[in-house]
Amino acid sequence: MHELSLAENLLQIIEETATEHQLTKVKTVWLEIGKLACVEQGSLRFYFDVVTQDSIARQAKLEIIEIAGQAVCTQCNHSSLITIYYEACSHCGSYNTLKVTQGREMKIKELEAE
Amino acid sequence: MCTTCGCSIGQTRINGKTIQSTHLEKPIQFRPLKHSNIRDHTPSLPIKNNRSSETLAFGTGLVTAHAPGMSQARMIKIERDILERNNQYANENRRFLSEQNILALNLLSSPGSGKTTLLVNTIEILRNKLPITVIEGDQQTNHDAARIRETGISATQINTGKGCHLDAFMVQQALQQISPQQNSVLFIENVGNLVCPSNFDLGEAYKVVILSVTEGEDKPLKYPDMFHVADLLLLNKCDLLPYLSFDVDLAIEYAHRIHPGLPVIQISAMNGSGIQVWADWIEANRLAISSTAQYQT
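The listed protein sequences derive, respectively, from chains A and B. First residue of the first sequence: 1, per my numbering; consecutive thereafter. First residue of the second sequence: 1, per my numbering; consecutive thereafter.
Derived from the structure by calculation, the hints contain no laboratory data. Careful, some of the hints might be misleading.
Derived pair list, reagent style DSS-like, types lysine-lysine, alpha-carbon separation capped at 27 Å [unchecked claim]: (1) A:K61 - A:K27; (2) A:K109 - A:K27; (3) B:K162 - B:K129; (4) B:K207 - B:K129; (5) A:K25 - A:K109; (6) B:K77 - B:K162; (7) B:K222 - A:K99; (8) B:K77 - A:K61; (9) A:K27 - B:K77; (10) A:K61 - A:K25; (11) B:K207 - B:K222; (12) A:K61 - A:K109; (13) A:K99 - A:K109; (14) B:K129 - A:K109; (15) A:K99 - B:K207; (16) B:K77 - A:K25; (17) B:K222 - B:K17.
The following label-pair restraints were derived from C-beta to C-beta distances [said to hold, decoys possible]: (18) A:T19 - B:Q176: 24 to 32 Å; (19) B:F96 - A:T74: 30 to 38 Å; (20) A:H91 - B:G261: 49 to 57 Å; (21) A:E114 - B:V248: 55 to 63 Å; (22) B:T292 - A:H91: 33 to 41 Å; (23) A:A68 - B:F96: 35 to 43 Å; (24) B:Y206 - A:I84: 40 to 48 Å; (25) B:S273 - A:H91: 40 to 48 Å.
Simulated coverage check for chain A against chain B, where a stretch passes if three residues somewhere in it have a Cβ under 8 Å from a Cβ of chain B [as the list claims (entries may be wrong)]: (26) 71 to 78; (27) 83 to 91.
Quick reminder that beta carbons are idealized off the backbone N, C-alpha and C, glycines included.
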């Protein structure tokens, strides 16, 4: 539900960048979204189209690079890839020991623009 | 208003007065997307059903390779957090609260978990020991602020309109209006929602999530983000346990799967059990920020 706020924040950053670099048209926007981030991609794409329709990023493509979830086990110090928070450690099988180290990112990475 | 979730902008009010939104100045026109937009923008159906034949798993869309077709267009590196603006306001709030030696707690839960009743009872215990201020967040009405004000404590109501969460800018506006006392406790009761508020830092010292035993034990697994970011879990309505099949150990086990070591206090806002433990937790943490502040100065 909060993806509208995210899309608005995204457009603010794009517009600030466009002013700074004197851009006239934004063609593609790359995001990095962690697999564990609280973001529904379909919803974010929908709102991105809505909020950008009268802006410099009108009809811009939104490319989302997914960042894998990663956690380190406090029991065995082994690092594992995870897709949900409540997975067991892939090395020692322990539950309740994984500390997330990557995968909560929500970043705007770069623009392709004229 | 948004056709998907009902979110909206420009409807935020504090104590009934409209505030200037940080959001876009132009109103958002919701109109059907053009065909080319749909073709360009709609992702492949994000329904990738690889876990269970009975689960539609949204949010598992394809990884998109970064291979732009280069034209005269140029690439501009940005590398900024999407919520950077909110985080800036949150940092300003945190600095102000720290300077004033105020312990701010962000109370988070689904609607109906007993947040306001808990606050009223907590105020009764703490009011003679500490100055208290309350910020209430709801989409509509000032009912909760009125309930707090009946205790004689100052409360500010933020109405988010159709918005599903408080953000740091709203809290900053409220802080400017209420000027909370130094060395006090500030309770921020967020909009009842176990999803969206988890993303928005308000500048609080701690996030406290409240789960009531009339909900399912598996709420932590169903809404993992909230339990992941929480600093304390209050298990409320424990006076009702004799009448329910709620498994306390299982609920705590699930919470710890999402957030290993998350502290849990079992309480009943209604009959007061466990409330003293919670009040002691608040006092201890307020003293801790005082000693940190003294150490820094």
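Any hints this thing doesn't respect? Which numbers, in order? Structure breaks hints 3, 6, 14, 17, 20, 24 and 26.
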